[in-house]
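Since each chain sits alone in its own frame, please combine them into the complex, following the hints.
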Amino acid sequence: MIAAHLPAIQVLGPLLAAALCVLVPWKRVSWGIAMAGAVTAFGAAVGLLSRVLGGEDIRYALGGWAAPWGIEYRVDAVNGLVLLIVAGIGVVVTLFALTSVEREVDERRIPLFYGAWMLCLCGLLGIAITGDAFNIFVFLEISSLGTYALIAMGSDRRALVSAFRYLIMGSIGASFIVIGIGLLYVETGTLNLADLAERLPALYGERTVLVAFAFLTVGTSLKLALFPLHVWLPDAYAFAPSAVTGLIAATSTKVAVYVLLRFFFTVFGVTYSFGELSLGMWLLPLALVAIFTMSLVAIFQRNIKRMLAYSSVAQIGYIILGISFASVTGLTAATLHLFNHALMKGALFLALGCVMYRVGSVHIDALRGLGRRMPWTMAAFTAGGLSLIGVPLTVGFVSKWYLVLGALEQGMWPVAALVLVTSTLAVVYIWRVVEAVYFGEPSARADSVSEAPLRLLVPTWALIAANLYFGIDASLTTNVAGQAARALLGGAP
Amino acid sequence: MNPGELALLALVIPAVGAVLVGLLRSSPNLREAASLTTGGVLLGVVMQIHRAVAAGETPRFVLAEPLPGIPLELVVEPLGMIFALVAGSLWIVTTLYAIGYMRGHHEKNQTRFYIFFALAISCTMGVAFAGNLFTLFIFYEALTLSTFPLVTHAGTDAAKRAGRVYLGILLSTSIGFQLLAIIWTYLLTGTIDFEMGGILEGRAGAGVVAVLLALYVFGIGKAALMPFHRWLPAAMVAPTPVSALLHAVAVVKAGVFSILKVTIYVFGIDFLTQLGASVWLMWVAAATIILASLVAFRKDNLKARLAYSTISQLSYVVLGAMLANTMGIIGGGMHIVMHAFGKITLFFCAGAVMVAAHKTEISDMKGLGRTMPVTFAAFFVGTLSIIGLPPAGGTWSKWFLGLGALDAGQVGLVAVLMVSSLLSIGYLMIVPVRAFFSPAAPNPHGHGNGGIHEAPLPSLIAIVITSLCCFALFAYPDPFFRLISMVAGP
Chain P
239 MIAAHLPAIQ VLGPLLAAAL CVLVPWKRVS WGIAMAGAVT AFGAAVGLLS RVLGGEDIRY
299 ALGGWAAPWG IEYRVDAVNG LVLLIVAGIG VVVTLFALTS VEREVDERRI PLFYGAWMLC
359 LCGLLGIAIT GDAFNIFVFL EISSLGTYAL IAMGSDRRAL VSAFRYLIMG SIGASFIVIG
419 IGLLYVETGT LNLADLAERL PALYGERTVL VAFAFLTVGT SLKLALFPLH VWLPDAYAFA
479 PSAVTGLIAA TSTKVAVYVL LRFFFTVFGV TYSFGELSLG MWLLPLALVA IFTMSLVAIF
539 QRNIKRMLAY SSVAQIGYII LGISFASVTG LTAATLHLFN HALMKGALFL ALGCVMYRVG
599 SVHIDALRGL GRRMPWTMAA FTAGGLSLIG VPLTVGFVSK WYLVLGALEQ GMWPVAALVL
659 VTSTLAVVYI WRVVEAVYFG EPSARADSVS EAPLRLLVPT WALIAANLYF GIDASLTTNV
719 AGQAARALLG GAP
Chain D
16 MNPGELALLA LVIPAVGAVL VGLLRSSPNL REAASLTTGG VLLGVVMQIH RAVAAGETPR
76 FVLAEPLPGI PLELVVEPLG MIFALVAGSL WIVTTLYAIG YMRGHHEKNQ TRFYIFFALA
136 ISCTMGVAFA GNLFTLFIFY EALTLSTFPL VTHAGTDAAK RAGRVYLGIL LSTSIGFQLL
196 AIIWTYLLTG TIDFEMGGIL EGRAGAGVVA VLLALYVFGI GKAALMPFHR WLPAAMVAPT
256 PVSALLHAVA VVKAGVFSIL KVTIYVFGID FLTQLGASVW LMWVAAATII LASLVAFRKD
316 NLKARLAYST ISQLSYVVLG AMLANTMGII GGGMHIVMHA FGKITLFFCA GAVMVAAHKT
376 EISDMKGLGR TMPVTFAAFF VGTLSIIGLP PAGGTWSKWF LGLGALDAGQ VGLVAVLMVS
436 SLLSIGYLMI VPVRAFFSPA APNPHGHGNG GIHEAPLPSL IAIVITSLCC FALFAYPDPF
496 FRLISMVAGP
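Chains as they are written, first to last, in our numbering: chain P, 239 to 731; chain D, 16 to 505.
It is possible that some hints are incorrect.
To be verified - Calculated pairs, DMTMM-like style, for lysine to aspartate or glutamate (alpha carbon to alpha carbon, straight line, at most 20 Å):
| id | chain 1 | residue 1 | chain 2 | residue 2 |
| --- | --- | --- | --- | --- |
| 1 | D | K123 | D | D172 |
| 2 | D | K381 | D | D315 |
| 3 | P | K265 | P | E340 |
| 4 | D | K123 | P | E673 |
| 5 | D | K381 | D | E469 |
| 6 | D | K374 | D | E122 |
| 7 | P | K265 | P | E345 |
| 8 | D | K175 | P | E679 |
| 9 | P | K265 | P | D344 |
| 10 | D | K175 | P | D603 |
| 11 | D | K314 | D | D379 |
| 12 | D | K123 | P | E679 |
| 13 | D | K314 | D | E376 |
| 14 | D | K175 | P | E673 |
| 15 | D | K374 | D | D315 |
None of these hints come from the bench; they were simulated from the model.
One chain only, chain D, in its complex shape (with noise of 0.2 Å):
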């Protein structure tokens, strides 16, 4: 099988995983070891494909014409193969981690939630895989439409209210912004193909350019880039494997990942660089930034501040991409891995503390440190990582954005990133120190720990290894930073 028949197999084996598990859904155990299965499968498709383009090829696959000249087209290139490696390697980690907070929750519609969760997998792979601009649309729609059923999982009326914020944002920036521009792009260039160095130079001005690049920036809403990012909070009704893995790594990643595809593959750095145009887009990135670690500080809710956390993280891979030189493309692409493993670390302690103390609030989890050592050891590796701290890969990321800012001479911006770091230190350390250190609240029913343990084992278990790839991460970095090497220039 060629490296483009496997690209379109990476698709096509979630699905194929999505129909196993309606079929199976009479008997839990078979389900989900189809899910567990499909996810494997997986991974070793994914890794084979990576061996491909780690050589240099670039696989590509036409699925359909539905446009004369606007093909379905599926071209595997580095950073999409970096957005692969960390969704498809989550993917199997965070089903362990589903099956054992799914049933430690008693959530119903088990199967439902497997089944659209494998189909948002297809679609993110769709995303990473987009041959072009057409395509990349479909997948990024295809990826909102698979996660509302998650997202309202619940059917509760909260749950309704956050789904219609989660769909009306996405979709309407989507439709309202990005197709505007991608069909403006079409007009100029008669080509809606990802090229090295962009192919949009001297084809437009520079009013039209920024113009664009404004549409793009704020039409790819799950960059969740203020003022747009109002869905994500909404969106952490979802159980917390959704949270996890679609609010942490796929879904908001699909969003940086497209930014940093368009400013490489549309614009071209080069091109913006000359222009100035994503200047002002730098200072609203690190707004962002800022502003959302501020509001992280005032919720109590976990799940709330994490959703916050998670906004002003992704602001620093937009403002990867909008610093348009090499440094800055390789620090926002390596943010892409370092936050997925870091973010998705923090949401499964933060579903375990649920499960296993049904506490949602920080506030009440002062002492459960003690009890569930395991889970707030993880959260505190976590936080390193998103703090940007050896022994975690976070660090590896701020390095590179630092300097690439220090590159394009926006000192201020390197403030920006020291302060955002100091605002996390405040907001994140302080739940593993307040567990561990604070005595706990003194239990209603006096007597010891309230019969609280650590979460149910595939989930402890799953909190263990991408707590382990966090400093896995720090010590090899490698094969990511060549991958992003290759489109970041010399």
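So that you can see chain P by itself, here it is in the shape it has in the complex (with noise of 0.2 Å):
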């Protein structure tokens, strides 16, 4: 009975919980009702996706109104995969945020904190779980709305700026989205993604299907943060409690990426997007030169929330360039950087809440000589510094891998060095903050302070273990990357 509904419990467990969290007054019973929500929720996901790989495709009508009138809900093994990122990191970064947020979040904002925090990932699930374009349009709102009011109650009053710059850009974004689902519905008179899937080849060659592309694409890359659209994201991912940026580090601009991968080859499909528009071609430039330039300027900051914010959009890059290569090893390196790159950061992130916690700076000089002080703080930074370079045995690796395949497997060995040599650049970045940690003389300040407790600790190595575990065992990744991989290139969902 419970099983049949889990797509509806996937998306409003959270969504009752943030109702619920808003309702009570004590912080402690708020986060213990948000807890519930994401712990619901990724029970969910985990049993759709196990029925995903079992072989099922899973079709759920909302409220009993079948489609294309009512909403559907479908799951393959592309959202399962996704839907199984969002909730995981839900789960974790929640366990972390009980101790992180009482730290830097005003008390009487608490509740509030929690009700947003619950919105952001109800409407992060509901964009992947859903099968309706609108829907998706929808929860993108919802999600977003969550995410400036999460972003603004960080401690820092620059976070109100950035909060407002990203609501600015994030609107820009969402407006070109639902322009170019307009134009989609114009033309075709359905928003159900099969069905449009299922009607767009009669259309090819309508302008009104490219000029909805066109606004999908760029209002889809904005909220992915595809250079060169990505300057809402360092100031919104430095300034935002430690905790927020961990969530939506790992999870939102992942989220981004599959409705872009869902436009691209299941909608539009992949003869459309690559063969007739030739969108490879766009594409891998602008990846190569968000990987590299971002990766020159993650080495010159000082502020290293500020400085994994640009390496998150370099990594973005390396996601993009494997779906511009539009093979299935190319999308099954993206679809695994999706979730290998959710975990390194997640890591990165908490454990940067960790230090945010004690010594209450993440400035580089704030870092200096706390290998003696936190140990296993900076262990873990240092582990999860070493997967985003991509050290072997470690999901960094596993990513690595495949992408360098898909390069050579087009014959792009230029492409494929460059991805090479473009990881020395994080050797760089990641180096000059564990040098600092483990041989630079202590401040007054970091002299002073103890280890992180152990609810911070423990959610952070969690994430650190996900790194190490997939990277020793790749394997039921890679087999879910690689089914993904299969179903986006074959056409409906």
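Below, the structure is given as structure tokens:
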């Protein structure tokens, strides 16, 4: 009975929790409710993915209204994996939030914080699960509104400005997306993604379809921070509360990438996007420029959260690069990196959250000499950094392996070489921090701190463990990613 | 326990040793005893594996399978056995030496030092027993990372700078070239296993093979082929036992060993000879041999001179591999052994002078031979082996390399080998000669030998052991010769 309604529970769990969080005045209780919401969503995601991997194609008519009139939820390997990423990270980061948020967010606002937190999670899950174009827009707005509020609650006053900037940029992106969806509706008379995929091939020559495609591409690229539409991201990540940065860095850009994949491959179809419009030719250079310049910019950042934010833009470049190949290996690499990057960036931002909790700053000078004071936190940061670089036996290596394989398959060996060479830029920016942490003379403030509490270390190390586990045994992730890649290239979900 | 499990044990023992050292940090004597014991146990295990390999077995052990079809696997073949024997036997000697050195030199953080030292040996064993390119790459990188804290042990600004150069060159060449070559190989052949006779024949054209070979040879930066050699002199800021074991034996030999292994098992020597893809790389190696010797002449700091001498000597092995014929491979394989024992002796002596007389510059060592006779006699023996003069082991490897060069029809390379031997007489032999025969510099304190005497006893024992080994290898090179002949073809 419950199993049949898992798709609804996936979204309704966090949504209900969001409402309840705001109603209770006690911060611990509202955290408990949020945790319950996150765990429910995680359980649902695990259940759905295991059914998908069992070969089932899940279709669920919301409220019993049959598609195409009602909203349909559909789950295949692609969004099954995205749901798992979002919900899994959601649980870990919510666990982390309990202690971290009490330190960084005004006490009276904490129930509101968890309300926004759950809305954000609900929106992200909703985008991933729905099979309806307009519904994607609705959930996108829900998650974005939640995120704006969450970022604005950062303790640094610049958080307000960066939240506002994200609001403007995000709204532009969302308007582009809704215009694109509107044009598609005008042209085809349907909003259901599967129906769109069926009707569009007959209309490939239409200019309206082309314009819709353009609006959707630009709008989504803004949300996923594709270079050069990334300018909102570094400040938003840098000034948000630590837990929030962990959540959005690991999930929200990933979900936007998923939307891009859905539209490019499922709705418009690979023959249109990559054959007729040769999208690969546009994405490839953008991805390479993103990887190269953003890694370089990261090297010169002194606020480490900001450094990792620029690194995120570069890492998104890797994902887009995989997509631009439009091959099974390329898409496998992109999907894998979607998952793997969530793990590594989640872990790194949580480790910085531990530093923020004890030291109150993540400036590189504040980190000097912390290796002795906070050995576990710093070991976690180093391990996460190694994963980001792509050292073997971490998840980063698995992504790089498939990405390079994909590039060589296309005969693009300079691209393959560039992917590997840019990893050494990651070595530079990670190593700068490691050197400061282990060799630097501690500042007066850093000298007196002690290790972060266990309630922060456990979630951080859970993510590090996942980084290592899926690096040593990647059979599960590569299997799901491969299945997702074939589903995307196969056309309709 | 079957030999495959023993191979795993060879990786686990030093790691356990590292944990023991950490636990016993409060009692230096127990801690050092733990280090020595693990060294002894490891040597025993390696000997045991050797018995199986010499009998023609190929022990295997699969650790995990990170990517489908790409296992993390240990396979012991003769070449790896040679490397493991060298590293295993020299580790225990170096530990003995380190005890005297670290205490005599009053180094800080000794526990950390011994922990990472043991971990580095564990990684070295992993390199030696790597069963495929992927496993080799993993342990190669792990070796770089585990030796980083040793290189930067002093924690000074100079050490940090050197550490950056070390990591920068080793990581960027391995990720940028070597990994690319590995993935490319996988794409071409569908496998990353080492197979006798190579895996590329019939699957790649001459052009691709030439590019791949260059990617491997330069991508294995630990072989210090010019122009990617700068990390080795930089690493000399490390304490001398590190320079001795890691930068004369484990790390650099991991590099040239990997090149030999790739040449034999990925390309196949017949395939390479047939294509002639390696000829220009022979000359790169020859140029490195000569240029590094010339640079060594200009270094007055003894460790820096030894570092450039190492760069020059490593290229002998690279040259042997690039000759891609039976004699070349035998010469290269033998040189891994001979150079290891010779060079570690020289580094031990350099450290002994540093600890006992606080001297690092060669020009300050005049007349020191009279107060430290054992040390400088050992230096003389090590020098003989490096130059390749009887009765030291280095004779054999030079002999076979010369034969290999003739077989390949490269008379010019024979000349290079000759010139290089002459050069090494010039820059190495001069050190003990001056120490024994030049008059001592006037002592600023004005009395006797200024309180200088031989290095601490454990270090002195280690020095004597390795220099005796140099002779022993001349008289009895047979076990190594037999192993390398198993892979070098008819």
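Open item on the list: Hints numbered earlier in the text: which of these fail when held up against the supplied structure?
Closed with: none
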